[in-house]
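Q: Listed here are the chains, written in short residue letters.
Protein chains: 2
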Amino acid sequence: MITEILATGDEIRSGSLADTNSAWLAQKLEQAGLEVTRHNCVGDDRELLCEVLKEISKRADIALVTGGLGPTTDDLTSEAAADAARVELVLDQKALDSIENYFSSRNRTMPLSNKKQALIPQGAETIYNPVGTAPGFALKIGKCLFYFMPGVPSEMKTMYSEKLVPHMEKYMGKNKVFNMVKTISTFGLPESIVGEMLSALPEKYPGIKLGLRAKFPEIQVKLYAKSTNEKDLKENVHLACQWIAEKMGDRIFSTSEETMEAVVGKLLKKRNAAIAIAESCTGGLIASRLTDVPGSSDYFLFSGVTYSNESKIKVLGVKEETIKNFGAVSEETAGEMAIGARQAAGADYGLSTSGIAGPDGGTNEKPVGTVCIGLASPEKTETHRFILRFASRSMNKRMFAMKALDLLRLELI
Amino acid sequence: MITEILATGDEIRSGSLADTNSAWLAQKLEQAGLEVTRHNCVGDDRELLCEVLKEISKRADIALVTGGLGPTTDDLTSEAAADAARVELVLDQKALDSIENYFSSRNRTMPLSNKKQALIPQGAETIYNPVGTAPGFALKIGKCLFYFMPGVPSEMKTMYSEKLVPHMEKYMGKNKVFNMVKTISTFGLPESIVGEMLSALPEKYPGIKLGLRAKFPEIQVKLYAKSTNEKDLKENVHLACQWIAEKMGDRIFSTSEETMEAVVGKLLKKRNAAIAIAESCTGGLIASRLTDVPGSSDYFLFSGVTYSNESKIKVLGVKEETIKNFGAVSEETAGEMAIGARQAAGADYGLSTSGIAGPDGGTNEKPVGTVCIGLASPEKTETHRFILRFASRSMNKRMFAMKALDLLRLELI
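If you read the protein sequences in the order shown, they are chains Z and Y.
Here this note's numbering = 1-based position in the first sequence + 1329.
Here this note's numbering = 1-based position in the second sequence + 1329.
Chain Z on its own, in the form it takes in the complex (with noise of 0.2 Å):
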């Protein structure tokens, strides 16, 4: 069945308001087995509405409609459904009733313009509001049923959840089709490299999309499939999946969707071991995303965020000599630095980094993306050194953070 989606309104055409009804009810229309085609959207405009409700009759077995359902004068959905469908808007009384109730059982008095929301297309089939005035309704033009909607999301998903998914599945009778999507979250190689490992995926299970997304810094494959069997849909994803796995290996770190601090924290529970960072270039971002997780006091004793050597010394024990000789971005002082981190905080593990992210402080010896990572555990301590540039200082320390977590990571499967 070729579904579409159509938000209206100026605030989400102009762009004041971001669309995220649609990216809602593509997921969830998935869920119930149907992929959505094409998403469009216009402003509170009649005419132009009428013409695209037109259009997608012609293209469309489903759609669903957001928005415009209001009492105000700039909430046309209704108007321009009718003139899609050639019909004429009448009054549903049921719907007047369950409106002037709405205020009543709040003390309030209905405003004359709520009214309006009791005009519905003849020939449609009202949807109440569980949560709101405005009804929704279901009306056929040409081949294709459209659900009409508020543009509020909480009134929208309620009214999809409770009143929507029913009646579709009453209507779509027995060719129900299922849908998975699955995510594989990957770091370290790039887009393209990765791309090139899975290039055989199409081939060897044809019934599955294959779809990569750059979520910087790390790269997601993204697995679609569809299938009228539920068994063999779940089968097939699974299979693949293992695929994947041995194609890629160690640089998936999740396949559920968690973040890079979310695995590295589960990591060290299960361990129960502690860790304390050093940060230099990374500013406190390390510290910052592993305490977003809640439950991180658990395992997350301490960071020294020590942009100046005296603090490196002084907080990390860090030697003068080593930043004298070496330099304060050296792997010698990154070393120093976790262990420093490790004792300070009477941590199992110490994680540090030293680096340039820019724009300016970077020498033909050690350019701007320079980041050495120093990692000390129980048993040993070790030093690594990268260049890693991207187009802006933030992105560097993005990508050093999350360098410096996979390492942590890596250490600890």
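Just so you know, these hints were derived from the structure itself, not from any lab.
Check each hint, because a few of them may be wrong.
In this list, chains with the same sequence are indistinguishable; a pair is considered to hold if it fits within one copy or across any two.
[As the list claims (entries may be wrong)] Derived lysine-lysine pairs resembling DSBU-like cross-links, with alpha carbons at most 30 Å apart:
id, residue 1, residue 2
1, K1445, K1533
2, K1423, K1653
3, K1472, K1387
4, K1555, K1357
Fit chain Y to the given chain Z structure using the hints.
A: Chain Y only, in chain Z's frame:
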């Protein structure tokens, strides 16, 4: 000029990702004097993409397309554009050079698959990418000039601002209407109160449209104005800004879209003063925000992210009795943390936070949202206690960090 936007990609179509690019572009186009009539979205489907491009080419004068220019097999926008324009794809040697250069400047070899990105529809004008590998291009299909851009928001935004704006201005010629959008950043008052304070503005300055935008945790006051006379426009907006400044006083922290951390950084630099931070509940976020600002090493010395009581005592010199008597979340502890950070780093100012970001850990006396902030300066130490509770741990952290930075700002001005 009729303008449309097309977002492409399965992650948008399927709702895995909300389409923020289109909202951003619609706003920018409005500022450039172009009103968007429609948004469209389709997935990675060459045939459907071609169909939508042909439809848009019949309706619009200018169209902006995002996504599908990457190196992998599901990136199909160039192919679809060529199909719609009935031309072939040809290799743009300069684009290939620029992609190769992108990799070689990072000491990496260009993966073979990236070569695909240099294939541009015949007759298109290549738009080189200042920050990534995927070049964009401008191509006329029918009466409509299409601009094709990468879907990664940072690349798209840079390409739009640096390359498309001048290109479109040249294309539009003299039909130019001058637009101005002025943003005034405020902190500390809820949106509804700001709205009431400024409610007389539309009457006092008729040519100016007022918009409020909650960019958590700040509230931005936006002034939209347009005129064919650039001088009048500027003068009118200037007067309106003065009027707002009188109403809102030091609640305004920037009139040039600076971040709070950039404003605080400038003030510290102007006073030639250095800062050290002691963070408990904000977990490194204050340090990370301060060090996002290029050149912050001039005034930022150190942050002790002290989650454990031991590290508060050991690193910051907080007295054990203080924590025992008043608790880690107390004005007393926050005060000693601020003093401790200042002394440990030899800084002029010390700023501290201790609080409960949630979701757990609250008590009747100290509920989730409680934050104690200390500010130690050369002259004195002051402490504050607030209850600032929002929908999530991460929002609470952001609010706490902003509140602390704002207190420092008010001390410095």
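Q: Which hints, by number, does the structure contradict?
A: Failing hint: just 2.
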